[in-house]
Every structure is written in C-alpha cells, then in structure tokens.
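Going down the list, the protein sequences come from chains A and B.
In short: position in the first sequence from 1, add 77, done, that's the numbering used here.
In short: position in the second sequence from 1, add 55, done, that's the numbering used here.
Hints were generated in silico from the structure; no laboratory data involved.
Keep in mind that the hints are not guaranteed to be accurate.
What the hints assert, rightly or not - Far from chain A, some chain B residues (derived; all Cβ distances over 12 Å):
{"id": "1", "residue": "192"}
{"id": "2", "residue": "195"}
{"id": "3", "residue": "230"}
{"id": "4", "residue": "418"}
Stated by the list, open to error - List time: in silico EDC-like cross-link candidates among lysine to aspartate or glutamate, alpha-carbon distance up to 16 Å:
{"id": "5", "chain 1": "B", "residue 1": "392", "chain 2": "A", "residue 2": "173"}
{"id": "6", "chain 1": "B", "residue 1": "361", "chain 2": "A", "residue 2": "173"}
{"id": "7", "chain 1": "B", "residue 1": "364", "chain 2": "A", "residue 2": "173"}
{"id": "8", "chain 1": "A", "residue 1": "87", "chain 2": "B", "residue 2": "239"}
As the list claims (entries may be wrong) - Cβ-to-Cβ under 10 Å is the rule here; a few derived chain B residues that face chain A:
{"id": "9", "residue": "181"}
{"id": "10", "residue": "255"}
{"id": "11", "residue": "361"}
Ideal Cβ placement from N, Cα and C applies to all residues, glycine included.
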Amino acid sequence: MSILGGGIFKGMAVTLRNFVGSYFSKERFITTNEYSWRPESELPQSIGDYPKEEGEQLSDTTTVNHYSRNFPMLLHDTGEPMDTIRCVACQICERECPPQCIYIEKSTEKKENADGKPQFYPAKFDIDVSVCMSCQICVEVCPFDAIVMNSQFELSTPDRFGGLLVRRDDLLKSNDYYHKIHPQEAATRDERMAADKAAKEAKKKAAAEKAKAAAEAKAAAAEAANESKEDTE
Amino acid sequence: MTTAAPNYELLQQEGLETSLLEISMGPHHPSTHGVFRMDVKLDGETVVELRPVFGYLHRNHEKLAENMTYLSSMPFTDRLDYFNSMTNNWAYALAAEKLIEVEVPERAEYLRVIMAELTRLVNHVTLVGFFVNDLGALGTPLMYAFREREKILDLFEQASGARMMCNYFRFGGLRNDVPEGWLDRTRELVDRFPAFLDEYEQLLCENEIILSRTQGVGNLSRELAVNAGITGPMLRASGVNYDLRKVDAYGIYDRFKFRVPYTDGDTGDCYDRFMIRMLEMRESVAILKQALADIPEGDIIGKVSKVFKPKPAEAYGRIEGPKGELGFYLIADGTTKPYRYRVRPPSLINLTVLRDMCLGGKIADACIILGSIDIVLGEVDR
Ligand code: SF4
Ligand code: SF4
C-alpha cells in the first residue's frame, strides 16, 4: 500500500471511466437491451411499431430465440385443427410431467387422423400454465411429435384460475406456426419424422415383399413337387 | 461515532444491570441471501452465540425425485442452486450415467466443460458482487458483475432456451446442440472477460475499506475446514489443495491445463475467500479458451431411452461445483424410479462452520462472513 486511500482512488478511476463511457460507448449504452446479440432489423424499432394490428402480440411477430421456450402447445398438420391433431392421448406426457400440470381425457371412440388412420384423440387436454415450469420434458417424451414449446410470452390475464388453465382448443397450433417461431428445430423435426415414416413404410414393404416371396416360393415348391409327381407317374 | 462496547462482565461487577441482547437477523434481512435467519446473542456488539435457522425454502426435492422417473427430476435439479443450474444438471447426470453405463460423445463432453466453466464465472462474479454489497458497497460493483453475468446468461439462453433454469444436460450428453455461431459468440466473450477481471480487480482488490473489513475477519483454520467437510473455494482459502477437477478428473478435465489457486492457510479469512474466487475466474477463462479451441464436431447425445430401468445398484456422482463438492447419491431398485435419491449440497455443509467463524466477532462482520461462505438457500433447504 503506497498511500492511504490509493486503492480507493484506483477504484474511483474505474467508476469514472464507466460513467463517462456510458455516454460515449455504444456497447455500454445498450447493456439493458435484452436481445442485443440479435440483428437490429429483427427488433421492434419503436414503441409505435407495436402492435401493428389490434390483438397482435410481440411474441407472434418476432422469433425471440431459436430454443426459447415458454409453455407447451399441441401441433396439428395442415387442415382443420381437430381433424389433423397429432396427439393420440397416450398420456405419456401427463405421467412424466414433473409438476403434474397436464390433464388429459382420452376420447371413447376413434377418429381418422391426418394419415387417414383411425386413432384416439384427447377429448380434454388442459395445461395449467400457472404450474407448468417450462421444462420441456413433455416434448421430449412424446413419441408422436404432438407437443412442442411455444414462445408466446404475453399471457397476462385478469382471471387467475380459468385464464391460466389453457384448454385443448387454445393449445392447438398449426405446424406452420411452429415453423415460424422455431424454424430450425421445426425443420429437423419434420425431417426426422419423414425419415421415420419412410423407414416404417420401407419395413412394411419389405415385410410384404418377403411374405409375397415366401408365398411364391411355396407355390413354386408345390408346383415342383407336383411336376416330380407327374414325372414318376 | 460509536463508543467502545462496555464490557459485560465488568459492568456486572460494578453492580450494573446488564444483559445479553438476543436478536433475530432475518428471515428477510438484505444480507442473508434468501430466507435465512440467524439467532444472535450479543454482548454489546460482540457475537457470543449464533444459531443459523433455515428450512423456509424446503421443497421436498429428494422425496419428489424418488417418486418420478430419472429424467423427470432433471428440471428440479436446476432449482437447487438456481445460480448454477448447469453444474447441478451435470452432477445428477454423472450419477445416473454410472447406473446405466452410457458413453458420452466427445462434443458433448467439451460442451459440458464449457457450460460448467461459464457457470463458474457467473457464480463467482455475482458472489463477489453480493459480497461487497454486504460490506456496504451498494450497487456499483454488483451492477458491473450483473452486466457480465447477463452476457453469459444470454449465451445460456441461446443454447438451452432459458436463462437460469437451463435443464440442458441429459443422461449420455446434452439435450440439443448449440445453435450456429454460438461458439464464436462464446469465444468473443471469453476473450473479453480478462479485461473485465482487470477492471474488477482494480475496483476492489486494493480498496482499503475492503481490506480493513475483510482481513482477519472470520478466520477458518485448516483443521476445522477439513474436519467439517468444507469443500470448494472455501476449503482452498483455508490452505488445502483439493479440487475435484484435479482429484477426480471427471468428464474430460484431465485434458486441460489449469492451476488450482489456494492459500498458505495462515488465516483463511474473508479476504482469502474473496481473492480465491477472483483467481479461480482466471483459471476458468484458461480452461474455456482450451475447450473452445479443441471442440470437435459430432454427436451430442449417446443412445439412451427416455425412460429406463437401471439394474439394482448404487452410484455417487460428484463434481466440483462453483460452491464446492456437489454430489448426487442414487440407489436403483430395478424400476423406473430411484429407490433413494440424495443430494450432498455444498452450501449447507459449508454453512455449518458459520457459528465458529462468527463467535467473538462483531455483529456487522457476521454479514460479511455469511456473504463469503457463498450459500444459496435453494440448495441449503432443498
Ligand atoms: S402430447 Fe404426445 S405424449 Fe402427450 S398424450 Fe399426446 S401423443 Fe401422448
Ligand atoms: S413443460 Fe414441463 S411442466 Fe410444462 S407441461 Fe411440459 S412437462 Fe409439464
């Protein structure tokens, strides 16, 4: 320690530098800007830009962040939401959800899904978003790619109980919307689903061909046996 | 100006009626780092008895985890020490990986190290901020710390989707790969971090007020530290060279060159604990630089099903968390849920010596000593 108070003066120099810098350095100027790493064109330019239309939400128009997650949503393919819903009410997510905030009631009868196969569907699918902790476990365990994370964050409501219990019809969002908010993730998911489907079909086809070949071989063997029978006669 | 506290026994000898003052600091005292209370008995300003009271934040973490599948309790580990969700995830993943024996891909190992060291930076930089906040340096140093922390949390958010509750580690790897350009942004941050550390050191390390208030305050001897099971920076500040990254070399820590700062153990006071953290941040930066230079391309997660049934066995996974040894002890009984799930929380165990460090000191020093332990109540109470 050279002079008493020297350390304090050194520290003061730092604060002074920061104070003066805050008026000149652009980087310091925007430290409170939450998504400062994003290109400026993607940010709302002024408060007047938003909302453009009545009811428009900021979280719809800007993809906040590639992996950003808030609460889950149910996916449906192109078409009427309930005709193309992917969820088959298998209730795996309900079982695995750590804080147990999903409630599902399975339908009693089957209905055709987007592929034209008869499937069960959720008669009720509620998520209590006041309990949900945005952990994404439901998304990971769903074997049908039916539930993914939304990035909607403007959810305030005057109704504490009903308003935060999101029902099936409000949870349903189209795959296109998913592509809009999480382009990269949606693309890889679609790719994987297509590959899975192709693999399944190939397997089915191979199995069918094998069965056909086996049947042909059998027929051929029977014919051969017949012929040899004829020969001996 | 305060006058010197009259000696309690002396006053009694003189026939004056005096008594010890018993006060309850907390549970929302600004220096208590959460809902934590200290029952303190004072003789004038001197602490003669101190009893920490906690449990206000108990959430039944262990029993909850015993009633759900292995994967489902991963998001709950985020909420133990909510400053360091990434390292909490890692310790739990390590324990479970021992049960199911899965190979972690190379790239995932590197990313795990990167995440853990970034977490260490976040923890230490905020700890130092809060510590000087307890000293009375309200605001400025803490805000500088938060400025840097925010940049790292932005990186976490881009990788995992959440700033604090990352839930990013999975058994056998990580949930997803980092987005494009993430590594470059991290490199940029790591390159600029030493400049911030220089600034921070200039701001704090020679400040006479900090020196006079922390040096010789809250001494912790090497013997007591070892006997009480203290781990982490606090143990090293008391002069024990013990770091699980070197001792266990879990993950791929044996590939990196870094030093473990520790003192000669003469004092083990608050200043030592503060400086150890400043020095550790430099080493973290060194590890980050090496990891970011070598990180390979490749898979991010090994082959593990979401719900699995490990064979009956027990496993203990431990890591050098920013606060100390964080361990998870699991007993599997052949079902999808653990039979026993136990956390070894460094915050709680480091807290046990609080009384020993505070006795005989001034009441104002008790706040600083508590600050220098570095506890998070989410982990103490679980
Ligand atoms: S969302 Fe997925 S996991 Fe949940 S019930 Fe529907 S199909 Fe099953
Ligand atoms: S995100 Fe997590 S808490 Fe929310 S519904 Fe899905 S599993 Fe449950």
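**Request:** For the pair supplied as a hint, residue 364(B) and residue 173(A), confirm whether the alpha-carbon distance does not exceed 16 Å.
**Result:** Given that 16 Å is the threshold and the Cα spacing comes to 15 Å, the pair holds.
**Satisfaction of hint between residue 173(A) and residue 361(B), Cα-Cα up to 16 Å** = Status holds; Cα separation ~10 Å.
**Request:** Go through the hint on residue 361(B) and say holds or violated, using the shortest Cβ distance to chain A against 10 Å.
**Result:** holds (5 Å)
**Message:** So, as I understand it, the hint says residue 181(B) touches chain A; can you test that by seeing if any CB pair is closer than 10 Å?
**Reply:** violated (16 Å)
**Asked** Is the nearest CB of chain A more than 12 Å from the CB of residue 192(B)?
**Response** Its Cβ does come within 12 Å of chain A, the nearest being 9 Å, so this is violated.
**Request:** Take a quick look at whether residue 392(B) and residue 173(A) sit within 16 Å of each other, Cα to Cα.
**Result:** Answer holds: residue 392(B) to residue 173(A) is near 11 Å, not above 16 Å.
**Whether residue 230(B) stays farther than 12 Å from all C-beta atoms of chain A, as the label says** = violated (7 Å)
**Message:** If we take the beta carbon of residue 418(B), is the closest beta carbon in chain A still more than 12 Å away?
**Reply:** holds (25 Å)
**Request:** Say whether it holds or is violated: residue 195(B) keeps its Cβ farther than 12 Å from all Cβ of chain A.
**Result:** violated (6 Å)
**Per-residue hint verdict: residue 255(B), partner chain A, C-beta under 10 Å** = Status holds, d = 8 Å.
**Prompt:** Is residue 87(A) within 16 Å of residue 239(B), Cα to Cα?
**Reply:** Not OK: residue 87(A) and residue 239(B) at ~33 Å, beyond 16 Å, violated.
Hints 1, 2, 3, 8, 9 from the earlier list are contradicted by this structure; the remaining hints agree with it.
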